[in-house]
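Chains as they are written, first to last, in the working numbering: chain U, 87 to 213; chain C, 2 to 230.
For the record, the hints were derived by calculation from the structure and aren't laboratory data. The reader is advised that the hints may include incorrect statements.
[Stated by the list, open to error] Simulated pairs of lysine-lysine, BS3-like, Cα-Cα distance not exceeding 25 Å:
id, chain 1, residue 1, chain 2, residue 2
1, C, Lys-113, U, Lys-115
2, U, Lys-108, C, Lys-108
3, C, Lys-199, U, Lys-111
Here is how the chains run, residue by residue.
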Amino acid sequence: MERDDIIEYSLGAQHSEEEGKKIRKNIFKVTILLSVITAVEVLVGILFSKSNPDVSAGTWEAIKYGYIILTLVKAGYIVMEFMHLGHERKSMKLTVLVPYIFFILYLIFIAINEAVAVSGENFPINY
Amino acid sequence: MAGEVSKAIPAKELWEGGRSPFSMSYGKMMMWFFLISDALTFGAFLVALGWFRYTAVEWPVSDQVFFHIPFVHGNFPLAYVAFMTFVLIVSSVTMVLAVEAGHRNDKAGVTKWMIATIIGGFIFLGSQVWEWSTFIAGTDGLISTWGDNATITSNPYGPPQYAQFFYCVTGFHGFHVFSGVIINIVILINVLQGTYEKRGHYEMVEKGGLYWHFVDLVWVFVFTFYYLL
Chain U
87 MERDDIIEYS LGAQHSEEEG KKIRKNIFKV TILLSVITAV EVLVGILFSK
137 SNPDVSAGTW EAIKYGYIIL TLVKAGYIVM EFMHLGHERK SMKLTVLVPY
187 IFFILYLIFI AINEAVAVSG ENFPINY
Chain C
2 MAGEVSKAIP AKELWEGGRS PFSMSYGKMM MWFFLISDAL TFGAFLVALG
52 WFRYTAVEWP VSDQVFFHIP FVHGNFPLAY VAFMTFVLIV SSVTMVLAVE
102 AGHRNDKAGV TKWMIATIIG GFIFLGSQVW EWSTFIAGTD GLISTWGDNA
152 TITSNPYGPP QYAQFFYCVT GFHGFHVFSG VIINIVILIN VLQGTYEKRG
202 HYEMVEKGGL YWHFVDLVWV FVFTFYYLL
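Okay, chain U solo, but in the shape it has when bound (with noise of 0.2 Å):
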């Protein structure tokens, strides 16, 4: 059956040999990147193990907050440019990221600030 009410969006995507070429480039590129980034939460996972006790407090506490960054560094690569979000209108993207700059946030907030408040003696998890 011919639809005339459909504008076909995915029509305005599609590209040529050559524009595909670059496009593979940037894949290529992205893919090496979030590789290295896992490697070496890895390597840094068991160099500096939290149960390795030669590794104080003060890194580890510095290690996890490397590790939530390059986490939301590979996050975001693989939303902008996999998922292809960095390439649609801002309208879109800022439907997308906005829902979880306000509420994931806020969540994370108030979930650690509780959990610091009701652990040790107040609620110890018994096993």
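Fit chain C to the supplied structure of chain U, relying on the hints for placement.
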């Protein structure tokens, strides 16, 4: 990736009917909306995990729990989890290559990369089965001895919540991978039958791809917050 996105559309026209404000087809936009809500579910899981970890007096260190690799005895901390992460990243790359081939209406290319993506998905699922059985078997490595098996109520590693979150978070994610593989197989069958060729575009590969990348995205967070921290 030029096209609608970079084309200048007068702002006034966008809201006057006939066009989506996002210059996006309905299906793709709804896939995004679904992923937004699905991400909130995983966000709730991970925030709950963080809450318990801050509350717990003790919590096991993952490299002392996940140090097995198949067929070989020894201590390889996090090696297999890293392998699983890598498999998922690579299958995400093959998916993005399938989408790219779709934009050139290259049926052979889409077929090739979709098959690679499905294989990656199966490797990941098989790895997870192995990981679960190793986790359940406990410290003696035997699943048939019940004494030290990890269950919902107790496990040999730490507080019961440790195993509960392992089952819930990786299980929920694994089920997403499973449905993603099914979706990819259905799309592959359609590609082979020429459905999208007739339609004139391979947008369905793009939609399936969004879901598959999302599964990879979730695993990136699970890897950090369950295994690394």
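Agreement of Lys-113/C and Lys-115/U with the hint, judged by alpha carbon distance not exceeding 25 Å
At roughly 21 Å apart (the allowed maximum being 25 Å), Lys-115/U and Lys-113/C satisfy the hint.
- request: Given the hint that Lys-199/C pairs with Lys-111/U, test it: the Cα-Cα distance must not exceed 25 Å.
  value: Distance ~29 Å between Lys-199/C and Lys-111/U Cα, so the pair is violated.
Decide if the proposed pair is consistent with the structure: Lys-108/U and Lys-108/C, CA atoms, cutoff 25 Å inclusive.
This hinted pair holds, its Cα atoms lying about 20 Å apart.
Violated hint: 3 only; the structure is consistent with all others.
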